[in-house]
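**Q** Here is how the chains run, residue by residue.
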Amino acid sequence: MIRGAVFVVTLAVLPLLGLPHWVLNMLVFVLMFAALASAWNLVGGLTGYPSLGHAAFFGIGAYAFALLLHRQTEITDGWQPFAWLPAIGVGTALIGVPIAAIAMRTRADVFAIVTITLLFVVQTLAFNLHGLTGGAQGLSFPVAPFPADTFERPFYYVLLGLLVLAMLLTFGTLRSKVGLALATVRGDEDKARGLGIPVGGAKVLAFAVSVGLTAMVGAVWAYYQVGIIYPQFAVDPLVTIAMVLMVFLGGRGTLWGPVLGAFVLETGQQYLAYELGASQFYLIAYAMIFLLIMLFLPRGVLPSLAGRLR
Amino acid sequence: MHALVQGLILGVLTGGVYALMASGQTLVFGIMKVVNLAQGALVVLGAYLSYQLFVSYGIDPFLAIPVTAVVMFALGVGVHLAVLRPLRREDRAELSLLVTFAVALLIEGVIGVVWNTTRRSINTSYANDSWTVAGYQITVVRFAAFALSAAALGLLILLLHRTRFGRAVRATVQNPESARLLGVRAERVAALGFGLGAATAAAAGSVYGLLYPFNAGSHYDLISLLLSIVVLGGLGSIGGAIAGAMIISVSSAVVASTISPSWAPMTFFVLLLAVLLVRPQGLFGRPA
Numbered sequence: 358m359i360r361g362a363v364f365v366v367t368l369a370v371l372p373l374l375g376l377p378h379w380v381l382n383m384l385v386f387v388l389m390f391a392a393l394a395s396a397w398n399l400v401g402g403l404t405g406y407p408s409l410g411h412a413a414f415f416g417i418g419a420y421a422f423a424l425l426l427h428r429q430t431e432i433t434d435g436w437q438p439f440a441w442l443p444a445i446g447v448g449t450a451l452i453g454v455p456i457a458a459i460a461m462r463t464r465a466d467v468f469a470i471v472t473i474t475l476l477f478v479v480q481t482l483a484f485n486l487h488g489l490t491g492g493a494q495g496l497s498f499p500v501a502p503f504p505a506d507t508f509e510r511p512f513y514y515v516l517l518g519l520l521v522l523a524m525l526l527t528f529g530t531l532r533s534k535v536g537l538a539l540a541t542v543r544g545d546e547d548k549a550r551g552l553g554i555p556v557g558g559a560k561v562l563a564f565a566v567s568v569g570l571t572a573m574v575g576a577v578w579a580y581y582q583v584g585i586i587y588p589q590f591a592v593d594p595l596v597t598i599a600m601v602l603m604v605f606l607g608g609r610g611t612l613w614g615p616v617l618g619a620f621v622l623e624t625g626q627q628y629l630a631y632e633l634g635a636s637q638f639y640l641i642a643y644a645m646i647f648l649l650i651m652l653f654l655p656r657g658v659l660p661s662l663a664g665r666l667r
Numbered sequence: 034m035h036a037l038v039q040g041l042i043l044g045v046l047t048g049g050v051y052a053l054m055a056s057g058q059t060l061v062f063g064i065m066k067v068v069n070l071a072q073g074a075l076v077v078l079g080a081y082l083s084y085q086l087f088v089s090y091g092i093d094p095f096l097a098i099p100v101t102a103v104v105m106f107a108l109g110v111g112v113h114l115a116v117l118r119p120l121r122r123e124d125r126a127e128l129s130l131l132v133t134f135a136v137a138l139l140i141e142g143v144i145g146v147v148w149n150t151t152r153r154s155i156n157t158s159y160a161n162d163s164w165t166v167a168g169y170q171i172t173v174v175r176f177a178a179f180a181l182s183a184a185a186l187g188l189l190i191l192l193l194h195r196t197r198f199g200r201a202v203r204a205t206v207q208n209p210e211s212a213r214l215l216g217v218r219a220e221r222v223a224a225l226g227f228g229l230g231a232a233t234a235a236a237a238g239s240v241y242g243l244l245y246p247f248n249a250g251s252h253y254d255l256i257s258l259l260l261s262i263v264v265l266g267g268l269g270s271i272g273g274a275i276a277g278a279m280i281i282s283v284s285s286a287v288v289a290s291t292i293s294p295s296w297a298p299m300t301f302f303v304l305l306l307a308v309l310l311v312r313p314q315g316l317f318g319r320p321a
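Top to bottom, those sequences are chains L and V. Each residue of the first sequence is one higher than the last, beginning at 358 in the working numbering. Each residue of the second sequence is one higher than the last, beginning at 34 in the working numbering.
No wet-lab data here; the hints were simulated from the structure. Heads up, some of the hints might be wrong.
[Stated by the list, open to error] So the derived label-pair ranges between C-beta atoms look like this:
hint, chain 1, residue 1, chain 2, residue 2, range
1, V, 168, L, 649, 52 to 62 Å
2, L, 534, V, 211, 39 to 49 Å
3, V, 219, L, 630, 35 to 45 Å
4, L, 632, V, 312, 41 to 51 Å
5, L, 547, V, 207, 39 to 49 Å
6, V, 221, L, 533, 29 to 39 Å
7, V, 246, L, 497, 28 to 38 Å
8, V, 211, L, 424, 31 to 41 Å
[Stated by the list, open to error] With a straight-line cut-off of 20 Å between C-alpha atoms, the simulated SDA-like cross-links for lysine to any residue are:
hint, chain 1, residue 1, chain 2, residue 2
9, V, 66, L, 558
10, L, 548, V, 289
11, L, 548, V, 114
12, V, 66, L, 544
13, V, 66, L, 464
14, V, 66, L, 655
15, V, 66, L, 405
16, L, 534, L, 558
17, V, 66, L, 543
18, V, 66, L, 545
[Unchecked claim] So these bits of chain V aren't anywhere near chain L, every CB distance computed over 12 Å:
hint, residue
19, 134
20, 200
21, 293
Cβ atoms here follow ideal geometry from the backbone N, Cα and C, with glycine treated the same way.
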């Protein structure tokens, strides 16, 4: 509890220290991925069902947000669009329910396949449905009217809020009956069902909450994109990969693992992108890091450390 | 009506090519219970290899297949030894998804470095030839692609049913533990199986390169398609992969020709969910 409070207060104070814009911009993305990874952890970490389709829900949130603002000519109060976030989150969670209900009837690997298929279907639709999404030309909306000096701040605080929400949900789940039910899903689902534990409801609920959070982060991301979003960035397989990788690096099913993973990987990623540009070498470096983590740290940093201390 | 039949013809011909791509995918799953997310990237790599042989030496993509298949077989065995074999058995199923995804990204990156990211296509002298049969257009390339895919699938099935290696593979698919007890060397079968999957990707890649323009990112278009096919047909079943490929290809082609090409990708996702709803193990799969 104290650890959490210190963490949040430190992060809340950071933007007031007059840091340069590039640092603040980087911190916005670190917080964004910390929130995304924590959201993914609710399904992938707690239930052991590895979703590879979360970027689809990120994109759905981004497009929902852009569509809501698309018809306006300008935004008078910059904070006002954030009021849409709860509606976007709940709406996307409801979309997630039937998909989870069908995909989670099967084994974890089929679930992964269904979710990754969803990702590419949503991406293709974002390109193809010109009338709705503007296709490859992107979808435009008014720019947020925040002063240039402190432009990052509102996004930073909203993302911090979403991260805290995701962590509180994880914390609450880990200590609740739902959390216990999810732990049994990860352990031995068939046995758990045999004992009468309501595994079906628990894992569908976890998925819905997780994708709802992801969509809200997607909406904030869209708003931060200064007036236009493109399908290849709104529905990007690398976003899914980043979420999964951060959780695996930090430690699956832990409260702090995804946050740690996001802080390490996102700063590393920004550094790589800066050094190598958005080139193919960047992709190769990223894939190599990915492979190394999976081969040498499959259990994650925090569980490995805990295992060593015991 | 004309559009519908034309869509059907196109769907069947393309379905043969998808069946070949998906057979490698489902074979690897059957042997190792590994979902190989790099299969699409391997197909695209196969397309680039035959593109290079065509551009540099004028070798026809159909004739290039024996060369690319051998190279990709070796690559497949190498990938298995380097990144799949070290995974611990208990979390292999889950980690292999992510590891093969990383391999796909790595292949995409390497392709981007070697051939940069502009779209390529293989323009043979017969690329634009077509026959007209009873008012329906059939392009020569598509027909040849179908015939070659059918032949390659036939070879694969012969290999699985008429050789010692094939028998070991089928035994491993049915029951890995009993196969091991009977003296099947599981790791060797797995490595060779992964190589075989990559070799089918090489053959399918040559054909894919003839049919469509491609770039480093093309594997993203393929992977969801291939995965839908193998889940629809039942993971691990080659017959299922063929049936799944035909169903998905024909229905997408019909939707594209009668409703709108924009919605065609949605077709296979809806089909996939519908099949999972009534038969979670897929059409030809055995219950887990």
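**Q** The hint says 29 to 39 Å between residue 221(V) and residue 533(L); measuring C-beta to C-beta, is that right?
**A** violated (48 Å)
**Q** Measuring from beta carbon to beta carbon, are residue 534(L) and residue 211(V) in 39 to 49 Å?
**A** Since the Cβ atoms of residue 534(L) and residue 211(V) sit about 41 Å apart, the hinted range of 39 to 49 Å holds.
**Q** Beyond 12 Å from every Cβ of chain L: is that where the Cβ of residue 200(V) lies?
**A** holds (26 Å)
**Q** How does the Cβ-Cβ distance of residue 219(V) and residue 630(L) compare with 35 to 45 Å: does it lie in that range?
**A** Since residue 219(V) and residue 630(L) have Cβ atoms about 42 Å apart, the given range 35 to 45 Å holds.
**Q** For a C-alpha distance cap of 20 Å, please report whether residue 548(L) and residue 289(V) respect it.
**A** Violated - the C-alpha atoms of residue 289(V) and residue 548(L) are around 45 Å apart, more than 20 Å.
**Q** Between the alpha carbons of residue 66(V) and residue 405(L), is the straight-line distance 20 Å or under?
**A** This hinted pair holds, its Cα atoms lying about 17 Å apart.
**Q** Determine whether the Cβ-Cβ distance between residue 547(L) and residue 207(V) falls within the hinted range of 39 to 49 Å.
**A** The hint (39 to 49 Å, Cβ to Cβ) is violated, given that residue 547(L) and residue 207(V) are roughly 21 Å apart.
**Q** Could you tell me whether the CB distance from residue 632(L) to residue 312(V) stays inside 41 to 51 Å?
**A** holds (50 Å)
**Q** Holds or violated: residue 66(V) with residue 558(L), Cα cutoff 20 Å?
**A** The given pair, whose Cα atoms are some 27 Å apart, is violated under the 20 Å limit.
**Q** In this structure, is the beta-carbon distance linking residue 168(V) and residue 649(L) contained in 52 to 62 Å?
**A** Holds - the Cβ-Cβ distance for residue 168(V) and residue 649(L), about 58 Å, lies within 52 to 62 Å.
**Q** Once the closest CB in chain L is found, is it more than 12 Å from residue 293(V)?
**A** violated (9 Å)
**Q** Within 20 Å, alpha carbon to alpha carbon, are residue 66(V) and residue 545(L)?
**A** holds (18 Å)
In summary, the numbered hints that this structure violates are 5, 6, 8, 9, 10, 11, 19, 21.
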